[in-house]
Amino acid sequence: MALFKTTKFVSSFGSFTPSFAAFPSRASSWWAEVQMGPPDPILGVTEAFKRDTNSKKMNLGVGAYRDDNGKPYVLNCVRKAEALIASKMLDKEYLGIGGLGEFTKACAELALGPDSEVLQGKRSITVQTISGTGSLRIGANFLSRFHTVARDVYLPKPSWGNHTPIFRDAGLQLKAYRYYDPATCGFDFSGALDDISKIPEHSIIMLHACAHNPTGVDPRPEQWKELSTVIKNRKLLVFFDMAYQGFASGDIDRDAWAVRYFIEQGHNILLSQSFAKNMGLYGERVGGFTVVCGDTEEAKRVESQLKILIRPIYSNPPMNGARIASTILNTPELRSTWLEEVKGMADRIIKMREMLVTNLKNEGSTHNWQHVTDQIGMFCFTGLKPEQVERLTKEFSVYMTKDGRISVAGVTSGNVGYLAHAIHQVTK
Amino acid sequence: MSIYGEVPLAAPVAVFKLTADFRDDQNTKKVNLGVGAYRTDEGQPWVLPVVRKVEKMIADDHSLNHEYLPILGLPEFRSSASKIALGEDSPAIKENRVGAVQCLGGTGALKIGAEFLRRWYNGTDNTKTPVYVSAPTWENHNAVFSNAGFEDIRPYKYWDAGKRGLDLTGFLGDLEGAPEHSIFVLHACAHNPTGTDPTREQWKQISEVMKRKNLFAFFDSAYQGFASGDLEKDAWAVRYFVSEGFELFCAQSFSKNFGLYNERVGNLTVVGRDQDNVNRVLSQMEKIVRITWSNPPSQGARLVAITLNTPQLFAEWKDNVKTMADRVLLMRAQLKEKLKALGTPGTWEHITEQIGMFSFTGLNPKQVEYMVKEKHIYLMASGRINMCGLTSKNIDYVAESIHEAVTKVQ
Chain A
2 MALFKTTKFV SSFGSFTPSF AAFPSRASSW WAEVQMGPPD PILGVTEAFK RDTNSKKMNL
62 GVGAYRDDNG KPYVLNCVRK AEALIASKML DKEYLGIGGL GEFTKACAEL ALGPDSEVLQ
122 GKRSITVQTI SGTGSLRIGA NFLSRFHTVA RDVYLPKPSW GNHTPIFRDA GLQLKAYRYY
182 DPATCGFDFS GALDDISKIP EHSIIMLHAC AHNPTGVDPR PEQWKELSTV IKNRKLLVFF
242 DMAYQGFASG DIDRDAWAVR YFIEQGHNIL LSQSFAKNMG LYGERVGGFT VVCGDTEEAK
302 RVESQLKILI RPIYSNPPMN GARIASTILN TPELRSTWLE EVKGMADRII KMREMLVTNL
362 KNEGSTHNWQ HVTDQIGMFC FTGLKPEQVE RLTKEFSVYM TKDGRISVAG VTSGNVGYLA
422 HAIHQVTK
Chain B
-13 MSIYGEVPLA APVAVFKLTA DFRDDQNTKK VNLGVGAYRT DEGQPWVLPV VRKVEKMIAD
47 DHSLNHEYLP ILGLPEFRSS ASKIALGEDS PAIKENRVGA VQCLGGTGAL KIGAEFLRRW
107 YNGTDNTKTP VYVSAPTWEN HNAVFSNAGF EDIRPYKYWD AGKRGLDLTG FLGDLEGAPE
167 HSIFVLHACA HNPTGTDPTR EQWKQISEVM KRKNLFAFFD SAYQGFASGD LEKDAWAVRY
227 FVSEGFELFC AQSFSKNFGL YNERVGNLTV VGRDQDNVNR VLSQMEKIVR ITWSNPPSQG
287 ARLVAITLNT PQLFAEWKDN VKTMADRVLL MRAQLKEKLK ALGTPGTWEH ITEQIGMFSF
347 TGLNPKQVEY MVKEKHIYLM ASGRINMCGL TSKNIDYVAE SIHEAVTKVQ
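Taken in order, these protein sequences are the chains called A and B.
Positions in the first sequence are counted from 1; adding 1 to them yields the working numbering.
Just so you know, the working numbering puts 28 at position 42 of the second sequence, and the rest follows in order with no gaps.
Just chain A, same shape as in the assembly (with noise of 0.2 Å):
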């Protein structure tokens, strides 16, 4: 009785009354079809992680980093950019759709360096992008609109997850050429070649330009030398994705090595770069896209096609964080201190990389855990098998994905030897 005097109550204001029965041929959902997305392995990681409850579980899953107390690090140079931004009263006014001038400026020195002939002929073309993914995503975009004579792209085996479908969903192929010998868990120089030398002409191969992801196996610049030929004469199109210039040496230049040293070859490459390790800025989303041209003209025309391809996708980009990476990047002061950070960070993660390597020997290990430390950046490819990994998460809580990899930011002075406990249980 009163739910029907509510209904009359309620039209006699002409206000709503949910008809669901209005969609007869409808009663189901429009997503009824909808299938469940297949959980990100990364995450289910961390989300398995938070659930034990064991005091001495280590997440070596996250691809961030994590200071020596195992808690994220927020730069000194970054609060103080933050604090310079601040006392300036800036508006929020739209950015253009290639970013903020200050930053793409600065972002495209530090990879190709101060004195690149590219940057002092201007036949380069740099745009902000939403860090490293949204950077490779517009290159993505960009080659499959654009790159017409060819369809592939070619990524070193393994190479990060999300390549794959970035390029995928932009209309490209994915082939492989051999990266990682699991024999060595080091580098398969001479498969690579190999490999290389039989891509087709005009292909598109991705090179992570330091510290590779996930195996943390670079090459050696002799290495790369060679590499550089063999891709020349095949003429294929270089397409190099930079997320930790700095943080894999602690040497922005040494870490930028490869890239200035193929555009010195000749090479017009693409170039994806991310600020969300070296700078800590991973929720600010700071990335660069760079395309090299022949001469300032055809850099003119690609920018103009860029534009093209961002404004559909999110208009233009995010202020916060390339206001502070520019800031820092322009501030000499700031840009000192964000260097010697940058190398604090790197220093930890290779004195972890090391204590880990002692630490497995004093366990009685007598595997040959060489490629801990000769492998550089944030992760490691540890070499173990799934099985093993399946018990270091049993029986030790230490979490890390399937293919044996961890993040040696997840390791800290207080954990190695727990860590390096649990290794040698499940590898002797």
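Bear in mind the hints are in silico, worked out from the structure with no lab data behind them.
Take the hints with a grain of salt, since some may be wrong.
[As the list claims (entries may be wrong)] Computed cross-link-like contacts, DSSO-like style, restricted to lysine-lysine with a CA-CA straight-line distance of at most 30 Å:
#1 A:123 x A:158
#2 A:51 x B:273
#3 B:379 x A:89
#4 B:3 x A:308
Got chain A; can you put chain B on it based on the hints?
Here is chain B on its own, set in the frame of chain A:
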């Protein structure tokens, strides 16, 4: 011999070119009535006082860091943003059948919605599903949907140039004639570029046809609060559709109503039949986000979430929004009065009947050219002006110039 040899020079995006031309113009009387951003009576950008306050709170909170947000965004942002659109007491929210994705501005929300619909809406390949956008509409709507893979993007009648108002008959006719399952992009309020919104009675008629013809409602809500000054009023159409049982998308932008243009704060609200359906939809949207931008930027979302979830700040925000809306209303009233006083030929009621940031003046391309070239008043070729560009200092000049354009140029 370059791989980019065949890459053509693309035309610049019109609205940004307009601003660039305005910037280069040396004339002291110049007025920018182009790009859609709020301006104060001094012609300056306005960072909302509540935004400055919350920014400082965030900066002073050293417990905050810059870690990645989840792929779908900041949870407290998503839920509070959806509440803004659907209402605190929304039955859909109570029934747990609302989900949301934090996106890069309103554009980003449209993008994720479009990509999802193309993959999953009616079968798994919707490239041929018609998408209808109003004639005229925001110039980027077309590109968002076509880049998402939709091959059949059609106009629906909307603006009646003759009577300078809504062509309801045409609109309803296009709804009736649309193939079943067609997607319709609806402007929740403050239609861009015409400023002409359906009345509540008209929305009811639109809803009735859409329900009967099984058409999908994709709302674009870029001006909530900014149109009438009242958040609830501006959300009426979206809420009505929800109450009528529609499963719908609503792309929300916080660029204008929070003045957070460059922080790219948007939210895609998803209303479904039940929680299970919404969960599956979100799981697929997550995959799309992952290959587009991985996860969204944190600064703007934090700011909005704190504001919406703190009663005192929320009240301040609503007040700031009203300030902006009121100034626009004042400029509308004054422009109309001045044109009437000048005896400018034609009727100018539409200036106050239209709502939001924009007004479709009715000036033709030649008259617009006159305004730009001779009077250094920058407006879109469509005759669209941004009311926010008007100030007490320039409104006389603008009114006189419109008068000249209308009387001198046919």
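Checked hints:
| no. | hint | verdict |
| --- | --- | --- |
| 1 | A:123 x A:158 | violated, 35 Å |
| 2 | A:51 x B:273 | holds, 22 Å |
| 3 | B:379 x A:89 | holds, 27 Å |
| 4 | B:3 x A:308 | holds, 13 Å |
In summary, the one numbered hint that this structure violates is 1.
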